[in-house]
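*Asks:* So the sequences go chain by chain: A, B and C.
In this text, residue positions in the first sequence follow the UniProt record's numbering: the first is 1, and each later residue adds one.
In this text, residue positions in the second sequence follow the UniProt record's numbering: the first is 1, and each later residue adds one.
In this text, residue positions in the third sequence follow the UniProt record's numbering: the first is 1, and each later residue adds one.
Possibly wrong hints are sitting among the right ones.
[To be verified] Pairs of lysine to aspartate or glutamate residues, derived as DMTMM-like cross-links and limited to a Cα-Cα distance of at most 25 Å, are as follows: (1) C:K200 - C:E282; (2) B:K157 - C:E377; (3) A:K128 - A:D234; (4) C:K200 - A:D2; (5) C:K100 - B:E325; (6) C:K99 - B:D160; (7) C:K411 - A:E62; (8) C:K167 - B:E171.
[What the hints assert, rightly or not] Computed spacing ranges between beta-carbons, pair by pair: (9) B:I96 - C:S87: 49 to 59 Å; (10) A:L59 - C:G77: 47 to 57 Å; (11) A:F204 - B:R375: 40 to 50 Å; (12) C:G368 - B:L21: 37 to 47 Å; (13) B:E181 - C:G368: 22 to 32 Å; (14) B:K383 - A:K338: 46 to 56 Å; (15) B:S232 - A:P331: 18 to 28 Å.
[Said to hold, decoys possible] Taking beta-carbon pairs under 10 Å as the criterion, some of the chain B residues facing chain C (in silico): (16) P43; (17) D44; (18) T145; (19) L147; (20) I156; (21) T159; (22) I314; (23) K317; (24) N319; (25) L330; (26) P331; (27) M334; (28) E335; (29) K348.
Please keep in mind that the hints were generated in silico from the structure rather than gathered at the bench.
A virtual CB, placed ideally from N, CA and C, is assigned to each residue, including glycine.
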Amino acid sequence: MDQIIVQILNGLDKGSAYALIALGLTLIFGTLGVVNFAHGALFMLGAFCAVVFSRLLSLSHEVVDETRTDFLGNPMTVDVPYMHDIFGPEVGASIIDWAVPLSILFSIPVMIAIGFAMERGLIKHFYKRPHADQILVTFGLAIVLQEIIKAFFGANPIQTPAPTAFTGSFDFGAWLGFDPLTIMYPYWRLVYFFFAVVVIGGVFAFLQFTTFGMVVRAGMADRETVGLLGINIDKRFTIMFAVAACVAGLAGVMYAPIVAPNYHMGMDFLVLSFVVVVVGGMGSLTGAVFAGFLLGILESFASMPAIVDLLPGINQIVIYLVAIIILLTRPRGLMGRKGVMEE
Amino acid sequence: MLGIKGKDLTVFLLVAALALLAPFLLNPFPVDSAMAQFNAGYPDLMQRFVIFGIFAIGFNILFGLTGYLSFGHAAFLGVGSYAAIWMMKLLSLNIIPGIVMAIVFAGLFSVVVGYISLRRSGIYFSILTLAFAQMSYALAYSVLTPLTGGETGLQIKQTDTPLLSNIPEGEIGRANLFGLEMSDSSILRFANWEFTMNVGYYVCAAVMIVAFYLAIRIFRSPFGMMLRAVKSNQQRMNYTGLNSRPYTLAAFVISGMYAGLAGGLMVAMDTQVGPERMFWTASGEVVLMTILGGAGTLIGPVLGAGFIKYMENIVSKINSTVLHEWFAFLPDGMEDFMVTIFYPFVGKGWSLTLGLMFMAVVIFLPGGLVEGGQRLKRLFRRKKAEDDQSSAAKTPAE
Amino acid sequence: MSNKNLTRRGVIKTGAVAGAGLVLPTYLRAQDSGFTNAPTGDTVTLGFNVPQSGPYADEGADELRAFELAVEHLNGGGDGGMLQTFSSKALDGTGILGKKVEFVTGDTQTKSDAARASARSMIEKDGAVMVSGGSSSGVAVAVQALCQEAGIIFMAGLTHSNDTTGKDKKANGFRHFFNSYMSGAALAPILVDQYGADRKAYHLTADYNWGYTTEEAMASSTEALGWETVNSVKTPLTQTDFSSYIAPVLNSGADVLVLNHYGGNMVNSLTNAVQFGLREAEANGKKFEIVVPLYSELMARGAGQNIAGILGSQNWDWKLENQLGDRYSGTNAFVQSFGEKYGFPPSQAAHTCYVQTLLYADAVTRAGSFQPCAVVEALEGFEFDGLGNGPTTYRAEDHQCFKDVVVVRGKENPENEFDLVEIVEVTPTEQVTYAPDHPQFAGGALGSCNNGA
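Just chain A, same shape as in the assembly (with noise of 0.2 Å):
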């Protein structure tokens, strides 16, 4: 039992990177029309936000301390951060330490001007182009993006951890009156999985209470007539694709303390998206949240070993198995609308 739970919590976790990143690729399937393999990039972006915040704050200059040697002989040279230099060095450590929480702040803006760029310069020319020159425009970007991430980073992970405070775990068994310390769950975790809710509900938030998420709403579902109306709906998607980006790289930001980031981890989450996206429904904004969680549950189950001795291999194929089963018997996934990408 206490094992389900455990595997329960590591789905919701895993869900809901898969159900933000699926978000946004619902928002841009779903508003502009547009195939768009650079998400996994934007992602990865997102973490990278973390990774160059966190290197800004810690930013150094370098002392010579003659008391000791490197590893040629010469004098050893310290680096001293600037934060220490402003701060004072207890202040200045705990302003580091949190970088990860506060690079959120600093990838907002980044995230919009990337999505407001990607937008305006790229895919805005690709709106009635067919869908397989946007696969390989985009697929394009997202190698460019990630080649120049590569460049600069390198191909080795960076560790980019969470606040000394995080890291602890919470005693879930104490909790739920099971036995203590049966049920661990790292803070960090739990952080990542409400930070998702918060995102997921402010972004359906925006769409259902505010005009202009109205008038992106009804854009989804009739883009002609909402045009007609005289309303710039044009405009309107740009600002949710920079959302959508926003989002992505809100996700990658959260996630860097999890997974450490490195160039290519928004590939390794690309395609996982896309079948995500696909198994909720395309068009489908609460079927791709939905999805998310609910495969992000499936993979942890699958993994436990009871389950891998029982069926060796499962844990590698189980997202595609379901994805399979579900798209045999919902036509259109779980809440596919009809018509939505199906030529």
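With the hints as your guide, set chains B and C onto chain A.
*Replies:* Relative to the frame of chain A, chains B and C by itself:
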């Protein structure tokens, strides 16, 4: 001729000529010149051009004609490869049984995958094929290790004694076609030029010419017409009482068999298989090849395949030493400057260049490389026409 | 006036006849000397095939640096590095057999297909007589088989699976790096020493060949000394979040977690294990421990703080000579020249690639020929010293180097990003030596060396 005519015949003859003369066309630079880096006329790369060309031609029969975008075609290539290598390990080192079984197994597998996946269309179809391919990859890598060799893949070993071939003790068997070894080459030398005529390459080239011919026939047949109808409006087709499924399934299986043929040839040329051949990036690669070259055109996929493989194999080998040699004629400061500028785009940066090229092609040449060719031709024609006109204008004065 | 006959058609005809005359039989380069790609001019070309894209690109970059350094030293440039400390004095800084060493590079992408394509282009286009490098066993096995077929020498780079010199060994292939068995044999006694003989281990194993051989080696060596293996779970190679594999560990009754992972897998699984508090946990009344059988500097850098206190094994470490004396001579000479040139200490991947290049050059010089079979003969059973690992033997039966294995632990407070591990102990050669027909290596045959056509 051969049941094809007009423009198709020209294209076919062009492809055949290109394939047969590749060893010369791809080695335009003398061996010891600085430009020799760009020579692509060595057996391995020529074979790859042709094999991936076959793969892309087959893919185009499905995607170019019916518009069904499969994201799992690498699985058929992989299945074909595994079938071929097992034939070589067990039955005969002659490549024919291997290639035949590769086509058969890939065909059977694509019947299964196609039958299930074609129940859906659009992106739902793409994801179904992707799911099948990813499952094949994951299983080949891990659980199926006894059958696939897992990560290290399968090679022909000294311990392998195929039923029909007798290999001398202690020798490792080599792939052959009735005794003609695939790795045999003749080298032709003119002054500083070197041209390698490789047996394996010509086997591949012959197969590709046949495959290309069949593709033309399929494109121009009533069956091809039917597939195009599926692409333009499947609903209308259904309303007229035609069931499109058998046609799309046939197209799917044919393209799966092409993939299997490519897989079999890959094993015949280079006797090893690894599971990465089935990873989604490999499936994505053939999609990119086809779109890059020009989906739905006859020659496009072949061009796209050549383009990507060229970047992967030639550009990735240019390192900083080579760059320094190129720019050695410049003054020191300039030399370093030029090397610094070019370095990010070559060697380990080859994928960056590839990504930029993808974007450039799709932005400036919406119809792929084929459109580029057409534009060039038009430009050339117009010039010629202008010349004709101007010369015509001059004539009376004479 | 005789030129009058020189019509266009005539020229083409003459050309064709001349061309036909020039068609020469198979592997012309081989025919002159009896082996593939025999160097003819005053240069010899080596092929360095390393991962330049994909997850191991940084490791590949470090290997490439070492290769460039080795070539520089062979050609008499720089300070000569390990040439001064190498026990064989055949090399004198004038290239190999008087021929200047040149090299070509390629990208393996850590995929066997791409690696073979790149190696074939080196052999077919650039005329390389030796191919070296690589950062994974799948690639090493694939390229080794190719080199055997083509008739050139393969000097493996970083490859740790038993199979490379076990069931997939080849006469033309040589491995300096250590292997899974040696890791197990070297680590087990130290693990027992540090954590006690009464331990229960839980294995997480990357689901591919290297993972299997490492798990087998670790389990059998630790079980022989009294440990118990509670469970072993395979994890998919493409996994990035290991939470669902880590979570059950703590309640499984185990008190040691063995992570048979490499590269990005290892960084992520270790990070997740630390996140789930395994490093601070207690089980069966003992402190919970984590073991990583194969360490690498780049992985350690990727894992950052998380490696503190975690034991693992390495082929070599740049601090060896400073800390354990001149048994490991050569280490400082190499670190010095590498550090001078690039500004940071070399990784073990760089070391093994550098040493492999030198060993090849030395074998050619001693054999007096580039002919693969002569080189194989010169390397088989070759005993040497002064290349940083202490006295070493290239065993003739399987072309595996036998030498001391370094057991390291992640530092609690690393001073900089290159000094992340501390040396715990060095396990002497005798303890990690095994019979050539050991069951973990069974099923392959070296075959006979191949000179090509």
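*Asks:* Find the hints from earlier in the document that the structure breaks and name them by number, from lowest to highest.
*Replies:* Checked against the structure, the hints that fail are numbers 6, 10, 19, 25, 26, 27 and 28, while the rest are satisfied.
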